[in-house]
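S.K.: Spelled out from the first residue to the last, the chains are:
Number of protein chains: 2
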Amino acid sequence: MFDYKLLAALAAVVEQAGFERGAQVLGVSQSAISQRIKLLEARIGQPVLVRATPPTPTDIGRRLLNHVQQVRLLERDLQSQVPALDEEGMPERLRIALNADSLATWWAEAVSDFCAEQHLLLDLVVEDQTVGLKRMRAGEVAACICASERPVAGARSLLLGAMRYRALASPAFIARHFPGGVRADLVARTPALVFGPDDFLQHRYLASLGVEGGFEHHLCPSSEGFMRLVEAGLGWGLVPELQVHDQLERGVLVELLPDKPIDVPLYWHHWRSGGQLLGMLTEHLARATGQWLVPLE
Amino acid sequence: MFDYKLLAALAAVVEQAGFERGAQVLGVSQSAISQRIKLLEARIGQPVLVRATPPTPTDIGRRLLNHVQQVRLLERDLQSQVPALDEEGMPERLRIALNADSLATWWAEAVSDFCAEQHLLLDLVVEDQTVGLKRMRAGEVAACICASERPVAGARSLLLGAMRYRALASPAFIARHFPGGVRADLVARTPALVFGPDDFLQHRYLASLGVEGGFEHHLCPSSEGFMRLVEAGLGWGLVPELQVHDQLERGVLVELLPDKPIDVPLYWHHWRSGGQLLGMLTEHLARATGQWLVPLE
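Protein sequences, first through last, are from chains A and B. Here the first sequence is numbered in the UniProt record's numbering, starting from 1 and rising by one per residue. Here the second sequence is numbered in the UniProt record's numbering, starting from 1 and rising by one per residue.
Worth flagging that the hints you see were computed from the coordinates, not collected in a lab. Be aware that one or more of the hints could be misleading.
It does not matter which identical chain is used: a pair holds within one copy or between any two.
Claimed, not checked - Straight-line alpha carbon distances no greater than 20 Å define the calculated SDA-like cross-link-like pairs of lysine to any residue that follow:
id, residue 1, residue 2
1, K134, E20
2, K5, R63
3, K38, V152
4, K134, A52
5, K5, S208
6, K134, P55
7, K134, Q16
8, K38, I174
9, K260, A188
10, K38, L49
11, K5, A17
12, K5, P179
13, K134, P54
14, K134, L242
15, K5, G279
16, K260, H203
17, K260, A52
18, K38, F19
19, K134, T56
From just these sequences and the hints, can you work out the full model?
M.R.: Written as structure tokens, this is what we have:
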């Protein structure tokens, strides 16, 4: 068997993004955790961590973390079958990466009953899609919600549905920038909002209007902040329909051009040998998410 | 004079979190940008970057970035005085780090008119307070909003006011966990919500009730997601009052124990030689934020 004390040290340092915090979580000293990682490296004969801020796993480190994650999930199952092994009534914990817009809209409602019934604690990580999958590959999360279908090795992906986005702005923004009415060719000359460097929704929208090339934009990597900036009239941007039912009804936000939504698929990536609880959560999501997501065309 | 082509390469790689994207932003090849950084290191005689994912600056790299940031701010001023230097009507851009809760609540409304009048684009970075200040020190942002007062060298800090947080839960959560009424000693035995490893608000709240030690909690690093999880009854947590006026009025959320708020001060950190636009924004915020923030006692 592997020495899991060493592997747990590696996992703690990576998951807590530092030696000090990793040591705190394990309840050992920083020099103890650092010793364990050196010992692990001595046994394997190569480094498992890049000592940067935060420390990142090497390729072999990543493979070890992936293994740790899977063992943890299997341990959970065993504990439910062998209650004596279980620390009295301790709740389960699942680490899940998801996109900010899901977390800002349907996620809480979709999982609340499940968490209460299963006494499950969530450790949520907000990531854009590419990084979410990287964290799966690195074994840092048990599951991940993202827009790309292709699962990492050892995992499965399940289509949950699509989130519908609409290009919105405030009435004041529209009055200021489009006094003669909104025209597709003028949209690219007004400031847009973009979530971050990996957010190409606004580019896709402009492309669908036949507009290519760059455009002025604010960067705002927060779902709620993004919506607030649109409401306050700083720019136009693509916002999940789920987040703005109320604002659209009240006329606080308006669609730039009528009925031109963009649908983004959401896939649930989960480890194949992820254990019972993860399997149950997967089934639960497959049943429940249709309430909030639209079918992918 | 320094060779700013080399410094700009360093800044692009750090700000874009990678060589590839850094090269894209500068419109050069990846090998060109990598050459420039090697040349910079050869001239200085030591590494400026740790080649991890993402690349992080070394100590000397950080000092260089700080310098680049300040030069950029000064260039902005010069452009407004020497219009010929200015690329025709190009909007200004300020990179600002702020806490997620400010962005989710008062920030957009506070700056929208200023941005429209000054033709200012925002490049917002969401960070908890300690990391926000690190980004100031690294010269990656022009300003930062955080809870700690002490400015980094070369910068000033200005108290904007305090955000008021209240410990909230859904009526269903309270009915399930506190059938006999909410009692301080029982709160620590119900699941809490915590924003991330640096969020000690829930700990402070429990301490104010005389409860010490650990407690079950979900982790949710998103303001909007945090509120949604509280609404959906997954746990109790401290939420900015500004964010939930409506929910408190409608009774969708209730305060755990009557009138026990926690106030968190917010400081505006900005470079002393940050240029005119940053100075104007500072004055604007000093005047405007009283509408949303409470005086610090």
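S.K.: It remains to establish, for every hint, whether it holds in the given structure.
M.R.: Tested hints:
Proximity of K134 to E20 under the C-alpha cut-off of 20 Å is restricted to the inter-copy arrangement: shortest distance 17 Å between copies versus 24 Å within a copy. In this assembly of identical chains, K5 and R63 lie within 20 Å of each other by CA distance solely inside one copy; the values are 16 Å within and 39 Å between copies. Proximity of K38 to V152 under the C-alpha cut-off of 20 Å is found in neither arrangement, the shortest distances being 29 Å within a copy and 35 Å between copies. For the identical chains of this complex, K134 and A52 are neighbours both inside a copy (18 Å) and across copies (15 Å), given an alpha-carbon limit of 20 Å.
Proximity of K5 to S208 under the C-alpha cut-off of 20 Å is found in neither arrangement, the shortest distances being 54 Å within a copy and 36 Å between copies. Taking identical chains as interchangeable, the C-alpha atoms of K134 and P55 lie at most 20 Å apart whether they share a chain (15 Å) or sit on different chains (16 Å). In this homomeric assembly, K134 and Q16 come within 20 Å of each other (Cα to Cα) both inside a single copy, at 16 Å, and across copies, at 18 Å. Taking the shortest alpha-carbon separations for K38 and I174, neither the intra-copy value of 60 Å nor the inter-copy value of 48 Å comes in at or below 20 Å.
When the C-alpha separation of K260 and A188 is checked against a cutoff of 20 Å, the pair qualifies only within one copy, where the shortest distance is 16 Å, while the shortest distance between copies is 48 Å. With identical chains, the CA atoms of K38 and L49 are at most 20 Å apart within one copy only, with a shortest distance of 10 Å there and 24 Å across copies. For the homomeric pair K5 and A17, the shortest alpha-carbon distance inside one copy (18 Å) is at most 20 Å, but the shortest distance between copies (33 Å) is not. Taking the shortest alpha-carbon separations for K5 and P179, neither the intra-copy value of 66 Å nor the inter-copy value of 42 Å comes in at or below 20 Å.
Proximity of K134 and P54 under a CA criterion of 20 Å is satisfied in both settings, with 16 Å inside one chain copy and 13 Å between copies. In this assembly of identical chains, K134 and L242 lie within 20 Å of each other by CA distance neither inside one copy nor across copies; the values are 27 Å within and 35 Å between. In this assembly of identical chains, the alpha carbons of K5 and G279 never lie at most 20 Å apart, being 27 Å within a copy and 53 Å across copies at closest. Taking identical chains as interchangeable, the C-alpha atoms of K260 and H203 lie at most 20 Å apart only when both belong to the same chain, with a minimum of 14 Å there against 46 Å between chains.
When the C-alpha separation of K260 and A52 is checked against a cutoff of 20 Å, the pair qualifies neither within a copy, at 45 Å, nor between copies, at 41 Å. Taking the closest pair of Cα atoms, K38 and F19 come within 20 Å of each other only inside a single copy of the chain (12 Å); across copies the shortest separation is 30 Å, beyond that limit. In the homo-oligomer, the alpha carbons of K134 and T56 lie at most 20 Å apart both inside one protomer (12 Å) and across protomers (19 Å), since each shortest distance falls under that limit.
Violated hints, listed in ascending order, are 3, 5, 8, 12, 14, 15, 17; each of the other numbered hints is respected by the structure.
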